[in-house]
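J.: Residues per chain, in single letters:
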Amino acid sequence: MEIAFKFIGMTKSLVDGKAELTLDVPENCTVEESLGILGIDCRTTKQFHFAAVNDKKSELERILQPGDSVKVFPRSFGG
Amino acid sequence: MTGKERYKRQITFEGIGEAGQKKLSEARVCIIGTGALGTIIANSLCRSGVGFLRLVDRDYIEETNLQRQTLFTEWDASENRPKAIAAADHLSKVNSEVQIEPIVDDANASNIERLIKDADLILDGVDNFETRFLINEACHKHKIRWIYGGAAASGGATMNFLQEDDAPCFRCLMPEMPEPGAYPTCNTAGVVNPITGIIASYETAEALKILTGAESVSRRYLAVDVWDNLSEYIDIEKNPDCPVCAHRRYETLDSPFSSYAAALCGQDSWQIVPENRRAADFDALSARLGRLGEVKTSKFLLRFRGDGVSFKLFPDGRAMIDEVKDEVAARKIYAEYIGQ
Ligand SMILES: [Zn+2]
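Protein sequence lines, in the order shown, are assigned to chains W and X.
Going by the numbering used here, the first residue of the first sequence is number 1, and it counts up by one from there.
Going by the numbering used here, the first residue of the second sequence is number 80, and it counts up by one from there.
You may find that some hints are simply not true.
Covered by chain X, according to a simulated footprint, are these stretches of chain W (three or more residues, beta-carbon under 8 Å) [stated by the list, open to error]: (1) 15–29; (2) 50–64; (3) 67–75.
Estimated spans, in silico, between C-beta atoms of each pair [unchecked claim]: (4) W:Ser-13 x X:Arg-328: 34 to 40 Å; (5) W:Lys-56 x X:Arg-410: 43 to 49 Å; (6) X:Lys-172 x W:Leu-23: 54 to 60 Å; (7) W:Gly-39 x X:Asp-347: 28 to 34 Å; (8) W:Ser-13 x X:Glu-258: 16 to 22 Å; (9) X:Ser-280 x W:Ile-37: 37 to 43 Å; (10) W:Arg-62 x X:Glu-84: 53 to 59 Å.
Source of the hints: derived by calculation from the structure; they are not laboratory data.
Model, not experiment: these values are computed from the prediction.
Glycine included, every Cβ here is placed at the ideal spot set by N, Cα and C.
With the sequences and hints as input, model every part of the structure.
T.: Here you go:
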């Protein structure tokens, strides 16, 4: 199934600077697995803060459904 | 110059009015961190007539701050004036009706409750997650509302934490504190000033809404990126197993305070905070250090430079050690040059 991804700010660097892309992922794929397909390890990547599914912060274990949109957010640290 | 004329434009705005202005004049706000975000927030809240502002910052002004930290001048940077003092000096000339209390100190587990307890609202202008975890826990413990804000490169984010029963806390948003060094820094990512201006202005708008009791106070996470033309509102849910807001476990706040060191964002320097804070004797140190290098002192700071070693010492014993690669090197210089 096709899932739309949007990478916010510094997280673009995780996908060669692409702000938006769509990806064909297998059935029962989790948020974490889908990002893994893109080469992103959510647990160790510095730039990764959280992923939102349909504009709601999501558990990494959430299973994606057709039509879901995933947005990936960086940590906003500076002051 | 007093009262009504000054605030005419914002009293005319129906969201604030006479009643809202009165609430602002009675409000007590604590801004932790007076860098890029904090100076803009302090400037706006001072001009808006918030009655009391406490400005807390551990740092001194450097030339690299001037690009985005709006209350400071070249003279402040050349004198390495403490940020909290310089901000308060400037703002006292802007609005003498506002009571401003500058505090030159590191917000940490030993003092955070004292800093926030008597305030109606806390605004985040800090540059690290350790302090935000601490603010979150102290504010939850004392049921004080606070506003998170962070910015880097061309992006930033902000969210209100209102201490409502079913609302998330910062720990729900960020369950694990990233190790220092496990996230990019201002040194490596840089920052452009429209994003600090925008995030600080969102924080200010939310502060005005919270303090005047507006119904439109935001309960969502807002992320903005000015280079990518985006702003995104995201819903964050309360974590039913959150150590802070579900179990009232204040791990950062309750960890025993001891001497500690912290890397400073945006600078190649380390801060050393000694366990026993006592007044540094600038006269005695100047005499001793004068034999080893160049010493300059002011009421706020002792600066030393010589033989590859450079540091600034505050009257309370805190020091910023420049150009050191790690904590061990910073502590070694502290022990050898400052003592204890
Ligand atoms: Zn929580």
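J.: Confirm or reject each hint.
T.: Structure-based check of each hint:
For the region 15–29 of chain W, the proposed coverage by chain X is not satisfied: 1 residues have a C-beta within less than 8 Å of a C-beta in that chain, short of the threshold of three. Coverage of the region 50–64 of chain W by chain X holds. Counting CB-CB distances below 8 Å, 5 residues qualify, and the rule asks for three or more. Chain X is given as covering the region 67–75 of chain W, and this holds because 4 residues of the stretch bring a CB closer than 8 Å to a CB of that chain, at least three being needed. Evaluation of the 34 to 40 Å hint for Ser-13 (chain W) and Arg-328 (chain X) yields a pass: the beta carbon distance comes to about 35 Å.
Checked against the hint of 43 to 49 Å, the pair Lys-56 (chain W) and Arg-410 (chain X) passes, with Cβ atoms roughly 45 Å apart. The hint said 54 to 60 Å for the Cβ distance between Lys-172 (chain X) and Leu-23 (chain W), and at roughly 56 Å that hint holds. Checked against the hint of 28 to 34 Å, the pair Gly-39 (chain W) and Asp-347 (chain X) passes, with Cβ atoms roughly 31 Å apart. Restraint check, Ser-13 (chain W) to Glu-258 (chain X): a C-beta distance of roughly 20 Å satisfies the suggested window 16 to 22 Å.
About 38 Å separates the C-beta atoms of Ser-280 (chain X) and Ile-37 (chain W), a value consistent with the hinted range of 37 to 43 Å. Take Arg-62 (chain W) and Glu-84 (chain X): their Cβ atoms lie about 55 Å apart, and the range 53 to 59 Å holds.
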